[in-house]
Amino acid sequence: MRVVVIGAGVIGLSTALCIHELYHSALQPLDMKVYADRFTPLTTTDVAAGFWQPYISDPRNPQEADWNKQTFDYLLSHIHSPSAEKMGLALISGYNLFREAVPDPFWKDIVLGFRKLSPRELDMFPDYGYGWFNTSLILEGKIYLQWLTERLTERGVKFFQRKVESFEEVARGGADVIFNCTGLRAGGLQPDPLLQPGRGQIIKVDAPWMKHFIITHDPEHGIYRSPYIIPGIQTVTLGGIFQLGNWSELNSIQDHNTVWEGCCRLEPTLKDARIVTEWTGLRPVRPQIRLEREQLCVGPSNAEVIHNYGHGGYGLTIHWGCALEAAKLFGKVLEEKKLSRKPLSHL
Amino acid sequence: MRPTSHWKTSFGARAFGFQDCFFRDRPMDTARVAVVGAGLVGLSTAVCVSRLAPRCSVTVISDKFAPDTTSDVAAGMLIPHAYPDTPMPKQKQWFRETFDHLFSIASSAEAGDAGVHLVSGWQIFQSLPTEEEPFWADVVLGFRKMTESELKKFPQHVCGQAFTTLKCESPAYLPWLEKRVKGSGGQILTRRVEDLWELHPSFDIVVNCTGLGSRQLAGDSEIFPVRGQVLKVQAPWVKHFIRDGSGLTYIYPGISHVTLGGTRQKGDWNLSPDAEISRDIFSRCCALEPSLRGAWDIREKVGLRPSRPGVRLQKELLARDGQRLPVVHHYGHGAGGFSVHWGTALEAARLVSECVHALRTPGPKSKL
Chain A
7 MRVVVIGAGV
17 IGLSTALCIH
27 ELYHSALQPL
37 DMKVYADRFT
47 PLTTTDVAAG
57 FWQPYISDPR
67 NPQEADWNKQ
77 TFDYLLSHIH
87 SPSAEKMGLA
97 LISGYNLFRE
107 AVPDPFWKDI
117 VLGFRKLSPR
127 ELDMFPDYGY
137 GWFNTSLILE
147 GKIYLQWLTE
157 RLTERGVKFF
167 QRKVESFEEV
177 ARGGADVIFN
187 CTGLRAGGLQ
197 PDPLLQPGRG
207 QIIKVDAPWM
217 KHFIITHDPE
227 HGIYRSPYII
237 PGIQTVTLGG
247 IFQLGNWSEL
257 NSIQDHNTVW
267 EGCCRLEPTL
277 KDARIVTEWT
287 GLRPVRPQIR
297 LEREQLCVGP
307 SNAEVIHNYG
317 HGGYGLTIHW
327 GCALEAAKLF
337 GKVLEEKKLS
347 RKPLSHL
Chain B
9 MRPTSHWKTS
19 FGARAFGFQD
29 CFFRDRPMDT
39 ARVAVVGAGL
49 VGLSTAVCVS
59 RLAPRCSVTV
69 ISDKFAPDTT
79 SDVAAGMLIP
89 HAYPDTPMPK
99 QKQWFRETFD
109 HLFSIASSAE
119 AGDAGVHLVS
129 GWQIFQSLPT
139 EEEPFWADVV
149 LGFRKMTESE
159 LKKFPQHVCG
169 QAFTTLKCES
179 PAYLPWLEKR
189 VKGSGGQILT
199 RRVEDLWELH
209 PSFDIVVNCT
219 GLGSRQLAGD
229 SEIFPVRGQV
239 LKVQAPWVKH
249 FIRDGSGLTY
259 IYPGISHVTL
269 GGTRQKGDWN
279 LSPDAEISRD
289 IFSRCCALEP
299 SLRGAWDIRE
309 KVGLRPSRPG
319 VRLQKELLAR
329 DGQRLPVVHH
339 YGHGAGGFSV
349 HWGTALEAAR
359 LVSECVHALR
369 TPGPKSKL
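From first to last, the protein sequence lines stand for chains A and B.
Under my numbering, the first residue of the first sequence carries the number 7, and numbering increases by one thereafter.
Under my numbering, the first residue of the second sequence carries the number 9, and numbering increases by one thereafter.
Honestly, the hints are just simulated from the structure, not real lab data.
Backbone N, C-alpha and C fix where the C-beta goes; we use that ideal spot for every residue, glycine too.
Some hints could be false.
Each pair of labels, with its calculated beta carbon distance range [as the list claims (entries may be wrong)]:
id : chain 1 : residue 1 : chain 2 : residue 2 : range
1  : A       : VAL282    : B       : GLN224    : 19 to 25 Å
2  : B       : THR138    : A       : GLU156    : 46 to 52 Å
3  : A       : ARG121    : B       : LYS187    : 37 to 43 Å
4  : A       : GLY162    : B       : ASP76     : 52 to 58 Å
5  : A       : ARG271    : B       : ASP76     : 34 to 40 Å
6  : B       : ARG152    : A       : GLU27     : 45 to 51 Å
7  : A       : GLU300    : B       : LYS160    : 39 to 45 Å
8  : B       : PRO209    : A       : ASP129    : 53 to 59 Å
9  : A       : CYS303    : B       : ARG152    : 43 to 49 Å
10 : A       : ASN257    : B       : SER135    : 52 to 58 Å
11 : B       : ASP76     : A       : LEU250    : 52 to 58 Å
12 : A       : LYS114    : B       : GLN224    : 30 to 36 Å
Over 12 Å on every C-beta distance to chain B, these chain A residues come out as not near it, computed from the model [to be verified]:
id : residue
13 : GLN34
14 : ARG121
15 : ARG161
16 : GLU175
A few chain B residues facing chain A, derived, Cβ under 10 Å [claimed, not checked]:
id : residue
17 : SER116
18 : ARG152
19 : THR155
20 : GLU158
21 : HIS165
22 : CYS167
23 : ALA170
24 : LYS175
25 : ARG223
26 : VAL246
27 : PRO261
All chains should be built: construct the whole structure from the sequences, respecting the hints.
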C-alpha cells in the first residue's frame, strides 16, 4: 500500500501520523511519503499563535464540533506525558472579551473551568463589558511540527521537498491513496472557489510576565479582526488581522500599527515589550473544511484522493479530529480494496 | 565634619557617616526618619512614610539590598498565611490593601518594571480542607471550586480551588520600590546597624524593619527563622501556579523563572542549600507537574522566614541617659510578607505619623 501525503503543515503531518499509527500493522508494507514544497519553519502552521480555540459561532458542519472536541481531549491526554514539552503543549488560562453579553460558545464544556468574568475582572478591560474565563491549551506550531516530523521519521516515513503540480503526477508515480493536505494552495491542484486566503499578521514579543491569553471580539469586524494576545512558550503573539482575499505574504506597516496599538491599548504593560519577530500567514479559509474522498481516473488504475484542507484559523484546534476522520475514510478505501489482512481496530 | 568612609553598594549608593545626612537647607521641623532594613518590608515602609507622614525625610539603612535579601528568595505570591495572634479582619484588611495596591500596578504600564503580574492556578487538597473557603477568597479574582475535569490533572487530590492572584518578583519589585523612595527625596545608605542607638541623634525616629535581625537589635526572642529552600528553574511552558494543601509543596511561575518549593524548618539558621532537600523538592513538584522533568538551569536558594506569632507593629520609646529614641517596630511577617506588606506598611506609616506628631507637640515630656 503506497500512501502519499501532500502538505507538511499540521494537517499533512498529523494525518500522516494518525494513518501510520492506525494502519501500519494491518498493512504491511505501508509505504508512506510526504511531499511538500514548504516544510517547517515555512508553513502556515509555523505562523499560527498555537492556541486551541474554535470560532465562537457554531460551525456550519456540526461534525467540526466533534473534531474540535476530539482534538482537545487528545491533546489534554498528553498534558502529563513526558512528550508534552517536546510537543509544544501546555495548559493556559485566559480571557475572551466582548462589548456586550453573548451566548456561551459550543465549546464551553470542552475547555476546562469555563465561567463568566466577574465585575472586578472586567474592570481590567475598560473597553469591554462582558467576557469568559477558561483554561485551554497552547500547541506551538513550530515545535509540534518538529515533533510530528520526528515521530514520522522514526516510523520510516520519507519526506520529499517538491512542488506537486497535479494529483495525476503523484498517481502515476505509484501512489494508491493520496491525502490532499495542501491548505491554501489546494486550488492549484483542483480549482476550489470556496477556498480563499484569510491573511493574518502577527508580532511576537518578549513579555514573560504575561501568563494569560486575552482575546477580544468585535461582532462588527468579525473573527480575528480584533486584538488578541496569546502567550506561547517563549514569546507572546500579538494579532488582530484577518483580510479575506489578500494573498500578500509581506508584512505591512499599517497592519503592524493596527496590531501594536490595539494590543497595547488592551494590555498597557506591553508598551515595553521587546519585539522579537513579525510574520504574515495566509489562513486557508473555507465555509467548512473539505474532508472527503474522491476517486481519480488515471489511466488504468483508480487513485483515491482524500481531501483534508480549508481549516481557516482553527487548524491546530481541529487537526486531530480531522486526522481521525481522514483515517476513517482511508479505512473505507481499504475495505473496498480488501487489502487489510487483519480486522481493523475500532476507530 | 569629620572624615567619613565611602563604599559603593551594587546600586552605586554611597555610604556615608550619618553626619552627611543633615540636610543643610532642611526646615527645622522636618522629622528625620531612619528605616532600618531594605527588604520588602523596609522599602515599602519607606515609601509609605514618605507619602503619608507629614514633613519627614526618609533614609533607608541596610547592609543588604536586592538581590541579597530574604525577600529575594521568596516567590512573592499573593496567597496569605494566617497569623495566629492577629485578628482575622485585620489580616484580611492588610491583604486587601496589598492586593489592591499591586493590582493597580499590574494593570499599568509600570507592571514590567515593578515585576508584578497576574497569575492563575490551583490550590489542591489530598483530603478535604477544614474550611470551605479561606478568608481571602473574595479578595483574589474568580475564586471557585475546581471542576471534576480540572481535578483529573491531579489524581492524588480530592478537591481544589481555582483563582487568579498576583505575583510580585523581588529582584524587580525591590529596586522599583527603591526608585520610589529616591523619587520622594529619600536616601539609601549601606551600613550594618549593630545597635538602634547608633541612629541617635542623627535621626528623630527609627523604623525597625530588620526581620530576623530584630532578635538581636530589638532583643525579641519571639522571632525565629523558618528555613525555606527553593529551586528556581527554567520551565517557561508552565503558566499556572499549583499549591498543594498546606502550601509545603508549590510551583509558582514568574517572569524570569519558576519557583519550586519548599520546606518549613523551624529554628534552622542554615543558609546553605541541601542537595538532598533539593532532590526532594524537585520530586514533589514533578509529581504535581510532570512536565517539570524538562526544566533546566536549576538553582538552589535558601531564605530564613522571619517568623513570629504575629507581625510586630508597635511603637516603643527607647530611653537611656536622659536620651529618647522613638522606634516603630515593623517586622515578623514570616511566610506572609508579600501578601500583607503594603497593608502593614501603611499601618507602620500611621505609627510613624503619630511619633512625628508627638515630637512636635510642645511640652517637657512628649508622650508617645
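**Asked** Any of the earlier hints contradicted here, and which numbers?
**Response** 1, 6, 8, 9, 12, 14, 21, 22, 25
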